Amino acid sequence: MSDHKYHFDVKMSCSGCSNAVNRVLNKLDGVKNVDISLEKQTVDVVTSNALGYDTVLQTISKTGKQVIGGNVVE
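Position in the sequence shown counted from 1, then plus 14, gives you our numbering.
Just so you know, these hints were derived from the structure itself, not from any lab.
Please read these numbers as outputs of a predicted model, since none were measured by experiment.
Since no wrong hints were added, every one of them can be taken at face value.
Label pairs and their in silico Cβ distance ranges:
1) Glu88 to Ser29: 25 to 31 Å
2) Gly78 to Ser16: 29 to 35 Å
3) Ser29 to Asn63: 28 to 34 Å
4) Arg37 to Tyr67: 17 to 23 Å
The beta carbon of each residue, even a glycine, is placed where N, CA and C say it ideally should be.
Full structure from sequences and hints, please.
See the structure below:
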């Protein structure tokens, strides 16, 4: 089983925004690493094989943050 890497461009205006995204992603089963840059407005997520792109995308969207774009890196 290999890991998946996902990249998202997410509109975040403050550290509270990025903390909210970080908190919900780390509660997901299968998330191995979350790297959020408030400066670049990006969220990079490494997951186990079982966790799909759409699930991660929906989880970020549930925080109310606007996901401008995203892609599968690996």
